[in-house]
Amino acid sequence: MIDTARPAADEDMPPDVPGVPGAPAAADAEAVDARDPGGARSSRFVGGVLLLVLAGMWVAGWLSGTSAEDMLSLTAWGVMLGGIIALGGIGLTLCYGVLKFPNFAHGEFLTLGAYVTYGMVLVLPRSNPIWLFSFGWELVVGLLLAAAVTAVVAIVIDRLLYRPLRRHQSPLVLLAMASLGMEFLLRGIVYLIWGSDFHFYYSGRSNPALYLPFGLRLQADQLFVFALAVVLVALLYWMLTRTRIGKAMRATADNPDLAQVRGIDTEQVIAWTWTIGAGLAAIGGVMYGLASQMRPDMGFVLLLPLFAAVIMGGIGSAWGALVGSVIIGIAMQLTSAFLNPAYGPAVAFVLMVLVLLMRPQGLFAQR
68 MIDTARPAAD
78 EDMPPDVPGV
88 PGAPAAADAE
98 AVDARDPGGA
108 RSSRFVGGVL
118 LLVLAGMWVA
128 GWLSGTSAED
138 MLSLTAWGVM
148 LGGIIALGGI
158 GLTLCYGVLK
168 FPNFAHGEFL
178 TLGAYVTYGM
188 VLVLPRSNPI
198 WLFSFGWELV
208 VGLLLAAAVT
218 AVVAIVIDRL
228 LYRPLRRHQS
238 PLVLLAMASL
248 GMEFLLRGIV
258 YLIWGSDFHF
268 YYSGRSNPAL
278 YLPFGLRLQA
288 DQLFVFALAV
298 VLVALLYWML
308 TRTRIGKAMR
318 ATADNPDLAQ
328 VRGIDTEQVI
338 AWTWTIGAGL
348 AAIGGVMYGL
358 ASQMRPDMGF
368 VLLLPLFAAV
378 IMGGIGSAWG
388 ALVGSVIIGI
398 AMQLTSAFLN
408 PAYGPAVAFV
418 LMVLVLLMRP
428 QGLFAQR
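Counting from 1, position 213 in the sequence shown corresponds to residue 280 in the numbering used here; the numbering is continuous, with no gaps.
The set of hints was computed from the structure by calculation and includes no laboratory data. Don't take each hint at face value.
[Said to hold, decoys possible] Cβ pair distances, simulated, as ranges:
#1 Phe416 <-> Phe251: 17 to 27 Å
#2 Val328 <-> Ser237: 21 to 31 Å
#3 Asn274 <-> Arg311: 27 to 37 Å
#4 Val190 <-> Leu119: 47 to 57 Å
All C-beta atoms in this analysis are idealised placements derived from N, C-alpha and C, irrespective of residue type, glycine included.
Input sequences plus hints: build the corresponding full structure.
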């Protein structure tokens with residue numbers, strides 16, 4: 068049984084997702100905010116700048132010939148895309164908070180989850196669509212199975228690759244390079260099993276738009292995607308702040324050595340970290356495949372927006388990851404009105420750099 072008594076280093080830790088411990092960098096960031104509470108480094112000022120940037124994108128799209136109704140729909144679609152990015156970004160936050168390295172293979176967990184669900188949809192009997200959605204109960208079953216399978220794969224990878232590196236106290240760059248190599252390996256496996264073609268969960272099935280006020284057009288699937296993302300983020304926040312395993316994860320993120328001294332099984336905490344992070348990523352991949360299409364490189368394409376959203380929101384904050392993801396998603400959709408959609412990841416990168424220049428610790432930096 069995990070002893071969830073929090074070590075002394077964790078007593079003053081705010082109830083948030085595990086993130087960067089209370090290191091000198093966090094203290095320096097707090098000191099900067101104290102000197103400049105309403106200036107160019109405040110979260111309020113940076114948030115205002117980002118809103119102005121999004122408004123500028125909105126105007127640019129409108130001036131390029133896109134109607135106001137279409138721009139409003141693009142904004143709503145961006146919110147939906149932000150929910151998908153958030154599901155993957157939270158896993159990155161958990162991984163960095165507990166394991167202290169950026170997992171470049173995380174995008175492939177989205178791809179794996181999407182394709183495992185696709186296999187289940189092909190095998191299970193086809194049911195009628197649920198309510199106004201385009202999918203039936205077989206996709207829900209496949210989604211749950213995909214989350215479990217992806218979590219198991221993540222734990223196996225940790226046992227075979229990352230844990231030996233941790234025990235040898237390998238430097239951060241070696242762990243990062245190992246995760247990058249695993250990213251290529253997982254993508255190659257997806258190519259071998261499912262091929263390089265694009266796939267749809269329900270090819271040919273109608274997915275009519277809902278006509279809402281102000282000319283807004285949305286699909287019921289898009290509403291489901293964002294609602295599911297918000298619910299899962301809220302459940303994760305509750306788990307990390309109210310449950311024993313959540314408190315153990317926060318204590319391990321803050322000071323793993325002290326957590327071990329207090330009787331916390333840090334290896335079990337790491338297993339839970341991979342389970343939750345990979346499971347959420349798998350669900351995000353299913354939602355992305357449902358909203359658009361599946362392709363073997365979808366995780367790699369989303370990897371930069373995932374990192375951008377997490378860094379923008381502040382590493383260690385669940386709600387920061389959600390807010391950063393929504394900003395990135397809206398920006399990527401709005402710029403498609405006047406730029407090639409292929410530049411979407413570049414837009415995410417530019418916004419990330421903009422935030423880093425003004426507020427390096429992110430919008431919702433953990434104190």
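Hints versus structure:
1. Phe416 <-> Phe251: 17 to 27 Å: Distance hint for Phe416, Phe251 holds at roughly 21 Å.
2. Val328 <-> Ser237: 21 to 31 Å: At 23 Å between Cβs, range holds.
3. Asn274 <-> Arg311: 27 to 37 Å: For Asn274 and Arg311 the Cβ distance comes to about 42 Å; the hint is violated.
4. Val190 <-> Leu119: 47 to 57 Å: holds (50 Å)
Against the hints set out earlier in the document, a violation occurs for number 3 only.
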